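Peer 1: These are the residues of each chain, in order.
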Amino acid sequence: MPELNLLKAVNLALRQEMRRDERVVVYGEDVGYEGGVFRATEGLQQEFGEHRSMDTPLAESAIVGTAVGMAINGMIPVVEMQFGGFVYPAFNQIISHVARMRNRSRGRYTLPMVIRFPYGGGIRALEHHSESMEALFAHIPGIKVVIPSTPYDAKGLLSSAIRSPDPVIFMEPKRIYRAFKQEVPEDDYQIPIGKAKVEQEGTDITLIAWGAMMQETRKAAAVLSEKGLSPEVIDLRTISPYDSETLVKSVKKTGRVVIVHEEPRSFGTGSELVTMLTEKAFLYLEAPPARVTGFSTIIPLPRGEQHYLPSTERIVMKALETIQFLT
Amino acid sequence: MPELNLLKAVNLALRQEMRRDERVVVYGEDVGYEGGVFRATEGLQQEFGEHRSMDTPLAESAIVGTAVGMAINGMIPVVEMQFGGFVYPAFNQIISHVARMRNRSRGRYTLPMVIRFPYGGGIRALEHHSESMEALFAHIPGIKVVIPSTPYDAKGLLSSAIRSPDPVIFMEPKRIYRAFKQEVPEDDYQIPIGKAKVEQEGTDITLIAWGAMMQETRKAAAVLSEKGLSPEVIDLRTISPYDSETLVKSVKKTGRVVIVHEEPRSFGTGSELVTMLTEKAFLYLEAPPARVTGFSTIIPLPRGEQHYLPSTERIVMKALETIQFLT
Amino acid sequence: MIFENYNPLEEKRFQVMDETGNIVNPDLMPNLDEKTIIRMLRTMLQAREIDLKLVMYQRQGRMLTYAPNIGQEAATIGSISVLEKEDWMVPAYRELGAMLWRGMPLDKMFTYWYGNERGSHMAEDLKILPVSVPIASQLLHAVGIAWASKLKGTTEITITYFGDGATSQGDFSEAMNWAAAYQTPVLFICQNNQFAISMPRSKQTRAHTLAQKSVAYGMPGIQVDGNDVFAMYAASMEAAERARTGGGPSLIEAYTYRMGAHTTSDDPKRYRSDEELDSWKGKDPIARLTKYCLNKKLVSEEEIETWRKEYIAEVDQVFKQVEQNSDMKPEEIFENMYSKMTPQLQEELDDYKNYLAWKERGQQ
Amino acid sequence: MIFENYNPLEEKRFQVMDETGNIVNPDLMPNLDEKTIIRMLRTMLQAREIDLKLVMYQRQGRMLTYAPNIGQEAATIGSISVLEKEDWMVPAYRELGAMLWRGMPLDKMFTYWYGNERGSHMAEDLKILPVSVPIASQLLHAVGIAWASKLKGTTEITITYFGDGATSQGDFSEAMNWAAAYQTPVLFICQNNQFAISMPRSKQTRAHTLAQKSVAYGMPGIQVDGNDVFAMYAASMEAAERARTGGGPSLIEAYTYRMGAHTTSDDPKRYRSDEELDSWKGKDPIARLTKYCLNKKLVSEEEIETWRKEYIAEVDQVFKQVEQNSDMKPEEIFENMYSKMTPQLQEELDDYKNYLAWKERGQQ
Ligand SMILES: Cc1ncc(C[n+]2csc(CCOP(=O)(O)OP(=O)(O)O)c2C)c(N)n1
Ligand SMILES: Cc1ncc(C[n+]2csc(CCOP(=O)(O)OP(=O)(O)O)c2C)c(N)n1
Ligand SMILES: [Mg+2]
Ligand SMILES: [Mg+2]
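Residue numbers (this note's numbering), protein chains in the order written: chain A, 1 to 327; chain B, 1 to 327; chain C, 1 to 364; chain D, 1 to 364.
What the hints contain is simulated information worked out from the structure, not anything from laboratory work.
Quick caveat, the model's predicted, so the values are computed rather than measured.
Hints may contain errors.
As the list claims (entries may be wrong) - Residues on chain A that point at chain B, a partial pick, calculated with CB under 8 Å: (1) Tyr88; (2) Ser96; (3) Glu127; (4) His128; (5) Ala138; (6) Thr297.
The beta-carbon is built from N, C-alpha and C at its ideal position, and this holds for glycine as well.
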């Protein structure tokens, strides 16, 4: 079984889905000949030709808008936004059409399509190249939002996204594109959308994260374990529709929870999860659910990023505080 | 003192601010000659001329993008999006520039500007004419989001928004544009952005709402009072940055809270408020904070709207449930 | 050939039939059989009667907001009639005539405007997209559909409609550029009805014609008398043949006039004069085709009167049915959000049903 | 007059000085004094040296991503030099030369690229907007600024820069249309450097020239040899005079070449040939102007060498300072979000400081 990093796992998922189903086409800015600025689509044009892996004019609204048409007319477009910061010119197409076509036409026109893009900070990049804004998409009814945190998951989740009859926003944590390798089966496998993964079982506190923040969260869990505590670690994997069942079950067990995310705190994904947990596990909560997040600010340019991005230590501190609450 | 409806109060605020400060200009689609499709800008072109109240090409990104430039070059643009459903072509300008120019330039370029639009359901309108999506804007760091619920507040808040050195999204609940009249002073007055209003004091439960939902909430409070209960009613007024102090104080007193909003439930404003309250008033909560909201769906066309929009009865039921929780 | 001879930069406008129904450009008169011409006339008449009726229902409080197509019947029917059954139509919201031509059932159309999504559920073989409200956004869907047709190697083409105002939107430009760059088989039909709500065409853009915007994309463009159904047909046919044979997209500016209100919520008297409206009444596309047909004895006044009465009766009857069958059940709001209902939605639906039950029980 | 004589639809390209530094179009040679020509040359040289240095720093791991302007110095300096002090400049991210011309301090520019927002805080009298990354979005700011200038009755004009790729974005089209409709005094300078990252100009749009896109908006447009600083100056000056006197906006396509990488993260060898690059090296704008100046004896080889050394030394010195002074304090992240810090932000900042204190105390 090959050892792949997350980026190569994305590439492999695209390649296999394109082999499996000739309706799958991949396009975006610099996606074809160049293979993408991160090389996620490398080799696809060579293998499948210019009619399956296309370079496009510089126009995100058009990339997404044409994908709507493509999907209606029998294709499965998997389009790339070069960075998460550049999806916004396509926002109208996403909220007004991608998310609505099925409902608007009462199921007559459905949109099996994927919009994938690298997101998140920590790579010392220019402005607009480091944002995380998953809650913006998760608030839109009619689309699904998926974020992998390992190479194995990236392949399995992207494969599911491409086969999903519903449109999926697939956000790739670019900070860990090449951070580590994992065994990734060449074989076909899918990871279901909408299911979180309990990565580590524990009894004292539940740590919930996704994407690149899983790395910091795993490290924080290790620190807590060293201190003799028993953290449960959950990778959310799907932001919308998220797996409330798994989360509630865990928090009913531990009574304490810390949610970790990069995106701005206010109106972020953490707020949604805390509210859901408060509604469904109110009587089990032994401390207020806590959040370790990016600030409610614009993510700073690289010389300030280290402050903004949740670190292992910030998670540890908040977890300890939560565990010590009223005990 | 004239009795005005909310729409006329908006019009009066615009008029007075234009009289007071000649840097204020008002523009958008059908805003000038026609006076806006709802007539919010009626008479302004007649009074101030075609260089203060302008009709524009049909292009929302341009309306907002030029406003950025206008504000940089010394004007105070107050632009209209014809409906909340049509602000999305301008989303990139809002998130990438309106919200960022001050921070990006470390205060060198600031954007005193207002983007106002009618929003919300209940007027039996076509698709894209009934949405509420305030959380989308509130999640964006760098802008403020304001929603009035009365004619008096509309004038005072819009006046504050126009004088604010920060960019403001001003959402007008079109369902109650003409619902009722109120005494609205011709005199200058402002209502501070960022402050909620306790409309009715009470001890049993806190009801929080804003915009058109204040009407249903007020009615629900009346029903509860008739039943001998004592609800506290709060109009949030500013969605971002919201007034956590007032909310926390109330909930610490009542121990129970219901939040009412039209926008979709998941990742909505209610989630943010519940989380904040859980964090700050955890030990005071006697029941899980509850929400009465639009469904996590697309708001249906008029023949289904009555199901989607929170009604007085839905609020009453949820408030009773919350009051009865564990008692 | 028509496109070449009518360069919009020379401010030429293509016409075949003049305002009195005379064929003034016989060389370019399309070769249409009688049956087709009569079908055109009938569809235009039907579209007009539906418009008048729905506007009336709205005034009576029976109907919600409606966007009439009165005055623009030739622009839509002259262009849609060049399509084959396998071709795609991507509408804005003012293409009633074109939808009728394609066989869209009245009850669906009425259900849509009456405020129920069921109206946008087309039959499987009716390749029409739902009404698209966000201006110009649908053009990109047309380009995507056509691109897929091309990639699949079919000869399907796609026609899409939009207004004069739509040409100011970024999506218009992106769609035109993309279609030309990838040579996708699209007919861009701009219904220049002279207004975007209250905004006159002259203020929308400084270009003399909208057709000349095609130059920016290296695409053929032409301005056509949009009230002349034959000119619309001839130009559209040329564009369709080009598209089918790999020649890529075309832009047709149908120079026409919105004789009614923008929608039933609009009062055009606020922003335009009676004289202007009257001058365009003289160019009415239906009057023009009617004169032609009467002159050629393709139809009689009596036949027309009979058809009109039939159309009116049909509208009355279908609309009554729609009025009675349009309530939405709560389930309908949730069912089509995703291929399978999510647990979150199921919960919300259950909650809502609990509430309904509570209400039913007298709020106990 | 230049615009009229060089209609892009006739595929004309305006040139004054050829690749060997000869003035081939003496009638249209702008009337520039020696001092200005030397200043042009010096600024171009400086821009080039800065580019080379920053790219080197990046390779050494001292610098973050950087977007060089190498090869495009004439396009920016030829156009920016027609501005007055009160005029506005709205850049994209590849206008180093133009920023130098306007007096932007090196330390600010380096601080920006080194990853600190302080670099975008311009002095009060420097009317330059910060670098704008989202392609084409800045064009609308330029239109808004110019519109305000017009409404205020000033003679200020605004110049804005963007690439060939940017012409595919909706915002480009909206900005062009709006500027023309309102006749705002804007100079749209399209730096057609033949690539949008890996996407060649020929695939970006089917239009033969980018200048012809102006036709869609009823705006004057021209394609200029962008490596010819005199042609750029002459065309820009005509456009500036038109703008100042109420004649509205113009589009200038500077036909040039990106001789370096898109940014330091890019490897252009993946998508273009050495031959192509070499052929453009023969058209280097600096070599061309140098030849002209040497021929005219405006400068000597030695002077040029001295300047170059000075520029290099200055870069070295300023960059070292920037390296030492660019760390960000937590406060800086919060302070400029709003005119006054919100309670929520104050709380988050306090929280963060608590955390720092906790870390300081050895996580106790
Ligand atoms: C993106 C967007 N902005 C605004 C509107 C509101 N609106 C509906 S129709 C219309 C005018 C459209 O004019 P035009 O394109 O000429 O089409 P017409 O209605 O004349 O057929 C406007 C501004 C909208 N539907 N979508
Ligand atoms: C809206 C948006 N989409 C994508 C990008 C990523 N990106 C940065 S530069 C670039 C190419 C720009 O090409 P061009 O306009 O020709 O300018 P050049 O870089 O050649 O000067 C792209 C796609 C971006 N910055 N903004
Ligand atoms: Mg129109
Ligand atoms: Mg370029």
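Peer 1: Does each hint hold? Answer for all of them.
Peer 2: Verification of the hints:
1. Tyr88: Hint on A:Tyr88: holds, closest Cβ of chain B at ~4 Å, below 8 Å.
2. Ser96: 6 Å, holds
3. Glu127: Hint on A:Glu127: holds, closest Cβ of chain B at ~7 Å, below 8 Å.
4. His128: For A:His128, the interface hint holds, since the closest Cβ of chain B sits about 7 Å away, which is under 8 Å.
5. Ala138: 5 Å, holds
6. Thr297: 5 Å, holds
Going down the numbered hints, you'll see the structure goes against none, and every one checks out.
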